[in-house]
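Trainee: Whole structure, please, built from the sequences with the hints as guidance.
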Amino acid sequence: MAQINETLIPVVGVITDVRIDTPDIKTFRVVTPDGKKPFDHRPGQCAMLSVPGVGEAMFSITSSPTNTEFMEFSIKKCGCVTEWLHSAEVGQMITVRGPYGNPFPVDDVFAGHDMLFIAGGVGLAPLRSVINYCRHYRDKYGRIDIVYGSRSKDDLLDYKEIIEEWQTDENVHVHLTIDREQEGWDGHVGFVPNYVKELGFDTNKMAVLCGPPIMIKFTLQGLMDIGFDKTQIYTTLELRMKCGVGKCGRCNVGAKYVCKDGPVFRCDELDELPDEY
Amino acid sequence: MRKISLDKLDLLFAKIAENQSLYIPSDSVEGAKFTKWTNGTALTNELNTVRGIKDFFFPQSEDLMKFKMQGKNIEVIDIRDEHEDFVIFGARACDVRAMTVLDNVFLHAEPVDTYYKNRREHGIIMSLACTRPVETCFCGTFGIDAANPEGDIVCHKTDDALYMNAVSEKGTALLDSLSDITEDADTKAVDEQKALIKERMTKLPLAELTTDAFGGGKTEKFFDSPEWAKLSESCLGCGTCTFVCPTCQCYDIRDFKTNDGVVRYRCWDSCMYSQFTRMAHGNNRNSQKERFRQRFMHKLVYYPENNNGMFSCVGCGRCLAKCPIRMNIVKVMKALEGTDNGSN
Amino acid sequence: MQDVTNFKPLIVAFCCNWCSYAGADLAGSNRLAYPADVKIIRVPCSCRVNPMFILRAFQRGADGVIICGCHPGDCHYTSGNYYARRRMSLLFSMLDYLGIERDRTRVEWVSAAEGAKFAATMNDFVEKVTALGPNKRLEDLRCKK
Amino acid sequence: MQEVMRDKLVAKAKELLTGGVVTRVLGWKRGEFCYDLTPGIFKSADELDKEFDFGDFAAPNLSKYLIDETRKEDGKVAVFMKPCDTYSFNQLLTEHRIDREKVYVIGVPCEGMIDNKKLSAAADGIKNVAVDYENVVVETLWDGNVTVPRESVLAERCLNCKSKKHVALDELVGYEDEITECNRFDEVARLEAMTPEERFEFWQGELSRCIRCNACRDVCPACTCEKCVFDNPSSGVESKAPSDSFEEKMFHIIRAFHVTGRCTDCGECSRVCPQNIPLHLLNRKFIKDINELWGEYQAGAEVGSRAPLVNYTFDDMEPSEAVERGDKNA
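Residue numbers (my numbering), protein chains in the order written: chain A, 1 to 277; chain B, 278 to 621; chain C, 622 to 766; chain D, 767 to 1096.
Since the hints were made in silico from the structure, they are not lab data.
Treat the numbers as computed from the prediction; the structure is a model and nothing was measured.
C-beta atoms are modelled at their ideal positions from N, C-alpha and C, and glycine is treated no differently.
Worth double-checking, as some hints may not be accurate.
Simulated pairs of lysine-lysine, DSS-like, Cα-Cα distance not exceeding 30 angstroms [stated by the list, open to error]: (1) D:K884 - B:K480; (2) C:K757 - B:K345; (3) B:K608 - D:K774; (4) D:K931 - B:K608; (5) B:K434 - D:K883; (6) C:K766 - B:K345; (7) D:K816 - B:K507; (8) B:K566 - D:K842; (9) B:K534 - D:K993; (10) A:K230 - B:K498; (11) A:K230 - B:K495; (12) C:K629 - B:K343; (13) B:K394 - C:K765; (14) B:K566 - D:K780; (15) B:K534 - C:K765; (16) D:K884 - B:K608; (17) B:K345 - A:K36; (18) B:K345 - A:K217; (19) D:K778 - B:K608; (20) C:K660 - B:K343; (21) D:K893 - B:K507; (22) D:K993 - B:K611; (23) D:K993 - A:K77; (24) D:K931 - B:K566; (25) D:K893 - B:K608; (26) B:K310 - D:K993; (27) D:K780 - B:K611; (28) B:K345 - A:K37.
Pair ranges (Cβ atoms, derived) [claimed, not checked]: (29) A:G35 - C:G682: 47 to 53 angstroms; (30) C:G682 - A:D107: 52 to 58 angstroms; (31) B:H558 - C:P665: 32 to 38 angstroms; (32) A:Q182 - C:N671: 45 to 51 angstroms; (33) B:D436 - D:E917: 30 to 36 angstroms; (34) B:E295 - D:Q970: 29 to 35 angstroms; (35) D:R1072 - C:N671: 18 to 24 angstroms; (36) D:P962 - B:G317: 26 to 32 angstroms.
Mentor: Written out as structure tokens, the structure is:
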């Protein structure tokens, strides 16, 4: 693996697989040119992907650290880098640097607990890494609940994996929901925050939240309403980033840099930060 | 301590410039500016340069790497090389402290920025005490002693001689190499000058300004202050304050398509710019008020919080002199201070 | 030092779709020779040419930029070339003011029937730019990195 | 003289506020020193008393702020304008950027503003400044009183003042004045008379100092695009750094071109440039060319006039003749 001792200089990665998840989300599998995983990471960490001449952007690493062969990134088409990536074919090289940020505390705080994962839309991407990590070290965690919602059935990320792997796991409970009624869907219909309240979980567990800001806001409130404490809830933030190492000065919320001190925050930590994310 | 008489200043510069590039503040159309010394370059009489010495270590624009692309393949080319040795003469106390502020970001906070480190290692700073501070100076507010600047070699210029005192290893080596043109000196003249400077500092109009109200942990206190709206209402959102500031270090990383590849470079950026935090799906600092607040909160609260109480303003007064609409950190501090007292 | 005798300038020609672009076609089909280093960019009207286009052509390595439009009075959109004429007068005057060689820019009115004029104009323009040598005053050195 | 004017303006503003004619006043706020006035909004008589200031340093042109101010659903705003500011105001009206109904223009006479850069070059450590028609007396920190001729520290745009007449007014405080004779194109003509090599050297030297802080653009009352082309990532020219001399040339040529025929020559660009680049010489070149090619045109002189670049005649000069015209004159 090419190792250049400078955090801003990336290594080359090759896209070896492109999976179309939803109409606007694709999952890219990336390895180094000699077929290895670009670098080790922990669940919840991010990497800077770039297309020279187009730009560089921060993405959550979707694959679990337990996967030692490759990295996966689920990417929604929304800006110039992502648009370019969506048009990329297998074999295309990009550049990768990382890992950045603090991971979820999977080995200490989460260990031995029941887990509740709540995601909306592409918000499942950063959680997938944790979920699969927890599934891999199944004995370390109790019951796993996953609440996942999106606009429609077609917008559910990793649907195949959810149905074929997660749902078939013992003691893993998946609760899917979509925003509006749809033909061919016999599951739950409604927004995630309401669904969480309907499901009414017992509060003796750790919760991990990720999704659009508005969903996070209401789900957080919902969880508090059913008795969760903010110290039990973790989420991951995303802001504009350029360097990834806490120097370029744009992803800060108060005195904290999302790239360095985050992206994973416990919700009570967020309360201490100014409302600017 | 060594000294050299002022009429031999050119000899000193020539001697230093023998082995490395030497930059001294010299007059130009834009105002005083650090200029590469060649025979005849004259030291300015201005108090300070339009821009600080940040440019030497963290240039406005620098190439980071190159990419060669062929079909689907990409090659990353590391273009870093050893920087040349250089000496900066005549940096003021505020600007030298600004380097400590930048060091905290680029060197002391992991990971080290090797581009910055490279330049920093090859640069020697000869600081020069200020004898005639102007009304916009307020370095004392941040605990900077204009009479005793930091740096590798500390210089004091009196009416007839330049006194030099090496305070670092690099500085000692340089001063030793100048021993045949300099002579030993006692500290009398320098002590006298220091006393004069100290006295003058107390007479400055901003001498009373303090940082007591600010520092780490004050986010909650100031973040929602109604003053921000008033202070920022006339802000144009330009980058003048940021770019003349010796401690502002925000940068952008961008790609430039050359005729046969891509150069990735970094350049100064300003948190005052509307697109600074713009993402594909929105902007978390949408109004000028928020961007304005970010800049001053960073200098007065966030930076001290992360750096043991050191402020990232050095009181050089450049933003006071250069802001198109003459809004500046002093006005901000005074306005916020007012609210601080009010809430007690 | 670049060998001036071997210098072949890169010329960008913005040609109006309705006249000079067809004029260039005609020059081609009549086998009238003009240098291959003239790169034609078809625009819907000479007034489509934004001053930025001209500067960016120079940035990317052009040694001369020529704009060809319909003769005054013949604009497909009635008055586009009149506006272009005013704009380019100011822009070229500004470039001259900044010390950029004035022979590097030109506006020429060439109709669809004037294949010969097109070829002659290009030959003349290329000759003038060749005499000036490579564009140094409006070049972007980064492009050569 | 200064004091009296300030008091008159405060009284006028108070009268408008208390009379309910306007809900707020756009003026200049006193700063730390005698010279650092900041544009600001005043909503009460109390604020006016405490913070309002006017004098030889009230340089900022307030007209651009009216774009945002007149978008607010908050009644009428009173604004103080020096004669040259009213030209910018008219130009903004012409371009429909300001709702005239929501503005109450109070004209203030102007005898020229002092250039801070020139003043601090003339005297170190400014404690206080007293100005009369002849001289500026600077009370300094270390050198006692320093007296310099007023003319030597006046802003360039004021030395070449084009008009002391207000072209937009609801009310005038003070005296009425006239359009002035000026030699503002002399410097442009001097450059035109140089050889191309000299001109290139001159501009290369000037423009290469640019640090792309965008102050010239952001202060310019004619630069009112909601999104500037130089801020637009899709434009391909969005660049923040002067990494090569080309970048600055393009920025300044295009910026000057974009305000051609709309620039009133208010001189704010040169005033705010932290690198002392004489940007007004680019704008004035365009104005001079327009005057010579298509007849005298002063942007902002009247509301609704048709700018020369959105106009034409059948017998306009050809670009080649326009460029060579200088030679014939020489």
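Trainee: Looking at the structure, which of the earlier hints fail to hold?
Mentor: Hints 4, 18, 22, 24, 26, 29 not satisfied by this model.
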